[in-house]
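Undergrad: For reference, the chains in residue letters:
Number of protein chains: 2
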Amino acid sequence: MSPKITTELLKQLRQVMKNPKYVQEPVQAYIVPSGDAHQSEYIAPCDCRRAFISGFDGSAGTAIVTEQHAAMWTDGRYFLQAAHQMDNNWTLMKMGLKDTPTQEDWLVSVLPEGSKVGVDPFIIPADQWKRMSKVLRSAGHDLVPVKENLIDTIWTDCPQRPCKPLITLDLSYTGVSWRDKIVALRSKMAERKVMWFVVTALDEVAWLFNLRGSDVEYNPVFFAYAVIGMNTIRLFIDGDRMMDPPVREHLQLDSTLEPEFKIQVMPYGSILSELQAVGAGLSPKEKVWLSDKASYALTEAIPKAYRYLTPYTPICIAKAVKNAAETEGMRRAHIKDAVALCELFNWLEKEVPKGTVTEIIAADKAEEFRSQQKDFVELSFATISSTGPNGAIIHYKPVPETNRTLSVNEIYLLDSGAQYKDGTTDVTRTMHFGTPSAYEKECFTYVLKGHIAVSAAIFPNGTKGHLLDSFARSALWDCGLDYLHGTGHGVGSFLNVHEGPCGISYKTFADEPLEAGMVVSDEPGYYEDGSFGIRIENVVLVIPAETKYNFKNRGSLTFEPLTLVPIQMKMIDVNLLTEKECNWVNEYHQKCREVVGAELERQGRHEALQWLLRETEPLGRVQ
Amino acid sequence: MSPKITTELLKQLRQVMKNPKYVQEPVQAYIVPSGDAHQSEYIAPCDCRRAFISGFDGSAGTAIVTEQHAAMWTDGRYFLQAAHQMDNNWTLMKMGLKDTPTQEDWLVSVLPEGSKVGVDPFIIPADQWKRMSKVLRSAGHDLVPVKENLIDTIWTDCPQRPCKPLITLDLSYTGVSWRDKIVALRSKMAERKVMWFVVTALDEVAWLFNLRGSDVEYNPVFFAYAVIGMNTIRLFIDGDRMMDPPVREHLQLDSTLEPEFKIQVMPYGSILSELQAVGAGLSPKEKVWLSDKASYALTEAIPKAYRYLTPYTPICIAKAVKNAAETEGMRRAHIKDAVALCELFNWLEKEVPKGTVTEIIAADKAEEFRSQQKDFVELSFATISSTGPNGAIIHYKPVPETNRTLSVNEIYLLDSGAQYKDGTTDVTRTMHFGTPSAYEKECFTYVLKGHIAVSAAIFPNGTKGHLLDSFARSALWDCGLDYLHGTGHGVGSFLNVHEGPCGISYKTFADEPLEAGMVVSDEPGYYEDGSFGIRIENVVLVIPAETKYNFKNRGSLTFEPLTLVPIQMKMIDVNLLTEKECNWVNEYHQKCREVVGAELERQGRHEALQWLLRETEPLGRVQ
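Heads up: the sequence lines are chains A and B, in that order. The numbers in full-length UniProt numbering rise by one with no breaks, and the one at position 558 of the first sequence is 558. The numbers in full-length UniProt numbering rise by one with no breaks, and the one at position 23 of the second sequence is 23.
Chain A extracted, bound-state conformation:
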């Protein structure tokens, strides 16, 4: 991977930062955040402005360019990747390390007095604007909204914003109709005494209307906003996709409906002016509910006194708790996904020793097997197919320049998943196709112990995910090891593979309590720079736990693994497992064998079935 040469681009950007055609007054710094106007994690090519200006294309990062400097903030997952992709014009700011300044503090330290710091008000979330603006102001600078996106002005071959056809999801997938979701939302609005709710996150729009799209790779969403009133529904969406008869029927656009369920379709670009009109027409005490992560531009459209901002919207919270139809869909999706991976691993076991399988070939093969499964739509994220030292790059994606050949001498880490119409998957397995070293097995086994500690944890109702994070690390910590990422994230139901409001992390900000029906990943790891990476990831469902006692009648929760893919036994040092852990592995493998075995049988995949049976033999502890 050679770095992108950005000298010329930075020169152009610095010119437009002073060009009165684009800025009212020159800006001495310009911030290029990661997201789009919906604060999405995964973004369309036309929104990859930070990657365009810097070369760094990881999923998280913020670039800031001043007259003299260009700096990039990103987190531990991306330290290596960012360092590889950026040229010498850029300074890498390693977030989470003690000596790394915040963006605000850095700006204060490098800017001349009384500077203006520009940012696209549609791209920066309101909460971040508020925080930065306050620090900058107190140091005598100003954060200013720059209406025209300055990257777009120099990005001559910027791709078009996608506008692809929509998929409608019926009740058998969603469990609840969009009308009933609107009713539930309005009841939450009434509880909080708000008159309007602005849906800004793409997955929230998709979930609310039981629609899916493909405007953003890996995330089955489409560019849209919605504004829900107590008696009105406005959907802001472009293109002729609303002319599609199944969509019109699904949304009952041509039916005679009670007015409060009549959807008014409006152009995507009209959201700001419409919202400003809503804002201008509010009577006292009429509040408008927005996420505090909505863009500064939309938040500002509502006068401050009328805003009701929360870190998580009622849609975000409702969406996280999967209903029976969604849970069953997730189970089905994970069984199909396991079938594909049994095929893949059986194939890899035969092919890797020949020395012809590269990381890219393996990733493609995984996609091929997945695409053979019913209701497969696309991958749920870029496959991390990494062998040897590439495995230590936590969010690695193989490209021709880095593409290694799998061998019997190196650990192979595959983190991959798919979107099926009935559910979203995300699974990591770490394998060795030869003989792992004692040290590799030792590290793998600590990671496995952490994985089991979370998966088998029983905890009271109302527990937040961050209270479980240390369980995943304890076995590693005992030996002085650790990993620099969280342990788990929420997973959507045929939606984004990363979703709020729950997760399992040492970071404690704003995670909502775990509830039965929520779906999260459990993915501890261990990474040795320049050498190998290990991660064991299952997607797990929060379920009620049966316990001997029931303190204060609170009830208890635990996890049920949805992912049913064998964990490679040759990587396990059985003597490091307790009896309980050993039993967990055996019971897990027994379930893989039964459930996935039956499906392999049904699909006539006999060779993969033989592989599964071999890989799910009970472990025995050597005494």
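No lab work stands behind these hints, which were simulated from the structure alone. Treat the hints with care, as some may be off.
You can't tell identical chains apart in this list, so a pair holds if it fits in one copy or across any two.
[Said to hold, decoys possible] In silico lysine-lysine, DSBU-like type, Cα no more than 30 Å apart, as pairs:
#1 K570 <-> K181
#2 K552 <-> K464
#3 K304 <-> K591
#4 K304 <-> K188
#5 K285 <-> K116
#6 K134 <-> K287
Mind docking chain B on chain A? Use the hints.
TA: For chain B alone, kept in the frame of chain A given last:
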């Protein structure tokens, strides 16, 4: 325990809330916080205003009185006690429960529009003022400082503020002279570019000057403030105690000193005017450092632009990390404390079956044995001596009305500690003097497993205590049990038994990372209302851990128990322990036997030594 009748007092308070002699304008609500002008947890009798007005005398709670209502907020430790001590005039607000409103939200819900809410500006911390004031203002009310404390106006027999002699501590106890502490503080001030530091917490004043007092029961502190400039030291303290020759010598008050180490002694009551003078004389960019928990009155004395507020002061952080002299002192104190408890438990074993030992007698006996030890000063908190159902009242203190007799049929919980000139102790043991039930043993063993999980935990340098809290609960959670308090608190060195900035709790606010040299308690429990209470508490020292590997060269930490008192083996269900846990108990008991045994021998306490030897026999697991 019968509740305090407060009808007449509340009537009087409501009158002064409207009396122009005390308030500029009538206040519709008056807040009575728990603390004193130093935001102390333990307070002098003259500062027990909340207990005076309500009857509830637990260590944490805030009373608010309006025209119509009187409400008390307190946490899970005190729900039962507060309910017992308050009459029907009071509504108990159980903090931490989902449906309990915050003080601000409750005020907004009960007050008529445009109300004034009064509070003593010396008693309310600045951060709390800010938060409450903001919420009240946005609801159309005003938080107003009431200079004269309204409780004091109706408290006719209010005791005098104590002003007791001081104790000087030499280098053998403190390890660092007060001069060197001032030098270190000034270097922290220079780092942050502040010119002044205001010491408001009583234990910080005591620590900084290597002085102790006895103005507050259990906490060896004295009423004082200090203001440290880059070239000046001002100590605000009352009474003729500064005339005491050893104190004068210790502070070098009569020596010829460099001016920057010359202590100016000023009256305690002059702090506000002196600080206002400092505030008025500041040049631009001259900042004044205060804790954000300092009183609103003192914080306001410094114009906003000149304030530098942090949640923890440099003294708080320096004080938490014990140096070699302090660590050795803590070890010595804990050995002496263990000697006293071996005597006590040996005595109890003989006396309890006779049916003559009450909770109060047991507590007094514990104090008697402690007072026989060298350098004993006083207890470090009110002894929790509780048997049977009283054990479920987490911060119970026996009084004649509740005093139960210890018996061979009930669990006995003793949480007690002392101040020795060389260190502070805090230990809880739960015992049965007859035959515990299988259920009692089961619960005890889960608590023990939690205690061991924390005590034996190995974790990276820089880990915050809240990441360890779930280790203490995991065994309880597995069976659907839990406890409603944190797992540990910082412990001072011949100072407050509760001190910041570190702790082990599911609450994550502002705990600082654990460092080698910090001292915390490890005290999980289990409580069954109306039936029994179990807690196992050791004070533990954070020490470097030797690990097999050393990820990113971060280094690892673990705990060394300072408390060396046997854990009653008859309460343990050995079959619920893992081999590792069993070994931990045996190694711990071996250490108690060796270290405390030697001291018992030295002190010629042969019967207690026999008891210790019996109680530290190795546990064997029944296979």
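Undergrad: Hint by hint, say whether it matches the structure.
TA: Hint-by-hint comparison with the structure:
In this assembly of identical chains, the alpha carbons of K570 and K181 never lie at most 30 Å apart, being 48 Å within a copy and 57 Å across copies at closest. Taking the shortest alpha-carbon separations for K552 and K464, both the intra-copy value of 18 Å and the inter-copy value of 29 Å come in at or below 30 Å. Taking the shortest Cα distances, K304 and K591 never come within 30 Å of each other, neither inside one copy (54 Å) nor across copies (64 Å). When the C-alpha separation of K304 and K188 is checked against a cutoff of 30 Å, the pair qualifies only within one copy, where the shortest distance is 21 Å, while the shortest distance between copies is 40 Å.
When the C-alpha separation of K285 and K116 is checked against a cutoff of 30 Å, the pair qualifies only between copies, where the shortest distance is 22 Å, while the shortest distance within a copy is 35 Å. In the homo-oligomer, the alpha carbons of K134 and K287 lie at most 30 Å apart both inside one protomer (24 Å) and across protomers (19 Å), since each shortest distance falls under that limit.
Of the numbered hints stated above, those contradicted by the structure are hints 1, 3, listed in ascending order.
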